[in-house]
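Just so you know, the sequences run in chain order A and B.
Per our numbering, the first sequence starts with residue 1, numbered consecutively.
Per our numbering, the second sequence starts with residue 1, numbered consecutively.
Don't read these hints as lab results, they were simulated from the structure.
Everything numeric in this text was worked out from a predicted model, so none of it was measured.
Hints may contain errors.
One copy or any two copies: either way a pair holds, since identical chains are not told apart in the list.
Quick list of in silico lysine-lysine cross-link-like pairs, DSS-like style, CA-CA up to 30 Å [stated by the list, open to error]:
#1 Lys322 <-> Lys27
#2 Lys233 <-> Lys267
#3 Lys290 <-> Lys244
#4 Lys61 <-> Lys229
#5 Lys360 <-> Lys287
#6 Lys165 <-> Lys290
#7 Lys322 <-> Lys452
#8 Lys360 <-> Lys290
#9 Lys90 <-> Lys67
#10 Lys244 <-> Lys229
#11 Lys214 <-> Lys61
#12 Lys229 <-> Lys67
#13 Lys133 <-> Lys267
#14 Lys290 <-> Lys61
#15 Lys246 <-> Lys153
#16 Lys153 <-> Lys233
#17 Lys246 <-> Lys67
#18 Lys214 <-> Lys165
#19 Lys214 <-> Lys67
#20 Lys233 <-> Lys67
#21 Lys422 <-> Lys360
There are 2 protein chains.
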Amino acid sequence: MEENDDNIQFKISDELIENVEQLIEAKDDTNILALLNDFHHADIAEILEETDIDHATYVIKLLDSEKTSDVLMELDEDTREKILATLSAKEIAEEIEELDTDDAADIISELPQDRQQHVISQIEDQEHAQDIKDLLRYDDRVAGGLMAKELVKVNENWRITRCVKEMRAQAEDVTRVHSIYVVDNDNKLIGRLSLKDLLIAPTRDHISDIYIPKVDYVYVDEDIEEVAKIMQKYDLEAIPVVDKNKTLLGRITIDDIVDVIREEAEKDYQLAAGITRDVEADDSIWKLTKARLPWLLIGMFGGLGAASIINGFSYAMTEFPKLLIFIPLVQATAGNVGVQSSAIVVQGLANDTVKGEIFKRLLKEFILALVNGVAIAAIVLIISHFIFQTSYLVSATICIALISVIVMAALIGTFIPIFLDKRGIDPAVATGPFITTSNDVFGILIYFLIAKFILGF
Amino acid sequence: MEENDDNIQFKISDELIENVEQLIEAKDDTNILALLNDFHHADIAEILEETDIDHATYVIKLLDSEKTSDVLMELDEDTREKILATLSAKEIAEEIEELDTDDAADIISELPQDRQQHVISQIEDQEHAQDIKDLLRYDDRVAGGLMAKELVKVNENWRITRCVKEMRAQAEDVTRVHSIYVVDNDNKLIGRLSLKDLLIAPTRDHISDIYIPKVDYVYVDEDIEEVAKIMQKYDLEAIPVVDKNKTLLGRITIDDIVDVIREEAEKDYQLAAGITRDVEADDSIWKLTKARLPWLLIGMFGGLGAASIINGFSYAMTEFPKLLIFIPLVQATAGNVGVQSSAIVVQGLANDTVKGEIFKRLLKEFILALVNGVAIAAIVLIISHFIFQTSYLVSATICIALISVIVMAALIGTFIPIFLDKRGIDPAVATGPFITTSNDVFGILIYFLIAKFILGF
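Assemble the whole structure, with the sequences as input and the hints as a guide.
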């Protein structure tokens, strides 16, 4: 027992990596197997990520496919792609045989188009191959793209005895049973079965006598974010997927939903930070540049727009030079307020807590901005007057401009995400540099217009 | 069956809310019950969120506690607090009796200190009350604060027959079985049992003959984010919780982990947007102000700092007026780059993909920033020259300053989160306004220093 004592507190040490590397260099297969066989596949994947790609491929070819198929699933997409490129179609097919249909379809969909057919044709289990082909048809943004074909289902007309026998056979292929679905002769989902009821029912009963007709399900073309919401709301660990005739097609399990939730949160976070494409710190400089530069260019054009505005008012510079020193303050405040407002709305839209009319929400944001604006303007008034010795009129200009800019930024930050959402566009694109930049430019414009009005230049 | 056809595509309509409100006004208990009994508790909670608090309380008192206990769990904390304030200790205790220990402890911990003891003393099931008291000791940031006492465990010395009997009794209290844990006579976790093995083993065997000694677990004082990582990495749907002697204390299920992941992502997102405290769009203006104003004040002081810098260089304004119009560009770019860099690092730290030495990461970020910086500077060079007719020296100043500022912002954005993380501080606080503001100020300072050097003022 002692050897398992720390299996869960597992951390990869540099020595372990070095040890593995040395064994691979020495082609010491016996010791590699002895060392790695004790590890969970997720840990092996983590080790392989740290070794170079030739070594990782060597290990994948060495271990048996029951283990490596799971390891492959855990690897980063980039690493997996590189390793699969060195395997033959036959070798990939052997890995695929060991995987559940959903994972198998995910891996195959990452292969180049021409290899996909080749690999599928090498899969020995024809039913498995057909299931994978079925799954490949679905977009990975809908329920069909997330579901697995593996599930336990029983026919309403079966007796308990047959049901138990069939279930046992089906359960062989299913990692976790979760739920037993009940279908009619047309494979239409009509309910579910409680294991408890099954255990206590007389063996001569039919399933139709004991099944529970209330069953949650989603349609195969449902958006995966919607599926995630449903499974969270109803605390489901698995949900059956049906077509429009309620034919049972597959099921989605909570572990896939956990990934959806995490990826969705990461995507929103990255968009808010001005990063598109799903990048990680480890990605290449080229990939990171493609994800980051476009947003910086948006900011750049905003900055040049601001330059034009200031340039347009440059005639007033000599008379009111103090006005210029507060531009960064106006700009930063507008940006910060806009990001705050949009973040709250985007999150509210994601959680369905933003309901009701736009008008009420804008009114609330208006009051909130006014409170924050007056607070900030009051502090700035004192500091600008005593430290920067601005005249009363210039001080008044700065304060009124700050309040106006804060209110405007809050309204824009609230309105744009709601507007995009109503148009069916992901509101998360409106957060980050987009909001910051437009608020920067508008903020500076408003500042100068107010200055022009009050100071009369 | 038809009535269930749309149960999962359930959306609350305004008519439904109105209908419920009218029934409550009319105190038409029969029809309220008839209407609501068909709904899932999560849907009832959603309906009650839309009605006013007196009506919601009326419904809670009307429905039986088997249903309302689940409804209470689904409500927003604010709404729940208001409803519980109107219930007697006895009434709350009745709800608590129906809940699993983890949910029960969560609800009790929200009550005022003096009510907590009172409610617990009213719980009839003494064991349940003791379990809840045990759980209340743990901080909600550690495994103990998330675990439930309900689980299925068997003793290694039992025979299969006794095991099945005991399991059936235990399973009554457990919503989802997930795993069967095996303990020794000291209640020490020694392994787990596969249901399949149990079904096929001869009934006279002992558990010790068939159990699997490899079992994942976490310690009771483990941070919940760490628990979430472990459960995701190893695709676990439940994990047992033990004390330092490996005594089995409880278990954590994946649905609680889903909440942890979502809340963590929301918190990071809000921090990046300059919002502290867990707020929602629906919260009061006062609560929202407390969450937002502090960050705006940081931005404000940054803006005033920038004002001081510009003011300090104001003697050069008359000679090089064009310099000033590019301040917003420099500032916006510095802010955007800093946010991008810090977001990638913070996310990498959260996913454990940022490893290795700080130096290598900074070097990569340096090259990346140089690429982006040169690209942006080249465009700005052309535009500033042709559109704003800046002199060659001023153009050179702007371009060199832009590249320098982008590099600096990237390095600061990368370094600060890693530094905070190493110090044990949540790196997410370094994103958003904090990074933006410091980069704004540094950016403007660098801009003027470079200008001073090149233009010699």
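Evaluated hints:
1. Lys322 <-> Lys27: So Lys322 and Lys27 fail the 30 Å test inside a copy (73 Å) and across (67 Å) alike.
2. Lys233 <-> Lys267: both (22 Å within a copy, 20 Å between copies)
3. Lys290 <-> Lys244: Intra 40 Å, inter 49 Å, cutoff 30 Å: neither.
4. Lys61 <-> Lys229: between (40 Å within a copy, 28 Å between copies)
5. Lys360 <-> Lys287: Between copies, since 18 Å is at most 30 Å while 42 Å is not.
6. Lys165 <-> Lys290: neither (55 Å within a copy, 62 Å between copies)
7. Lys322 <-> Lys452: Both: 14 Å inside a chain and 20 Å across chains, each within 30 Å.
8. Lys360 <-> Lys290: Answer is between; shortest inter-copy Cα gap is 21 Å, intra-copy 39 Å.
9. Lys90 <-> Lys67: Within. Shortest intra-copy distance 17 Å satisfies the 30 Å Cα cut-off; inter-copy 55 Å does not.
10. Lys244 <-> Lys229: within (20 Å within a copy, 37 Å between copies)
11. Lys214 <-> Lys61: Classified as between: cross-chain Cα gap 26 Å, same-chain 47 Å, threshold 30 Å.
12. Lys229 <-> Lys67: Answer is between: at 22 Å across copies they meet the 30 Å cutoff, but 33 Å inside does not.
13. Lys133 <-> Lys267: Classified as within; 29 Å inside a copy, 40 Å across copies.
14. Lys290 <-> Lys61: neither (34 Å within a copy, 58 Å between copies)
15. Lys246 <-> Lys153: within (14 Å within a copy, 38 Å between copies)
16. Lys153 <-> Lys233: both (24 Å within a copy, 29 Å between copies)
17. Lys246 <-> Lys67: Intra 36 Å, inter 29 Å, cutoff 30 Å: inter-copy only.
18. Lys214 <-> Lys165: both (24 Å within a copy, 29 Å between copies)
19. Lys214 <-> Lys67: between (38 Å within a copy, 17 Å between copies)
20. Lys233 <-> Lys67: Cα proximity of Lys233 and Lys67: across copies only (16 Å, versus 35 Å in one copy).
21. Lys422 <-> Lys360: within (16 Å within a copy, 44 Å between copies)
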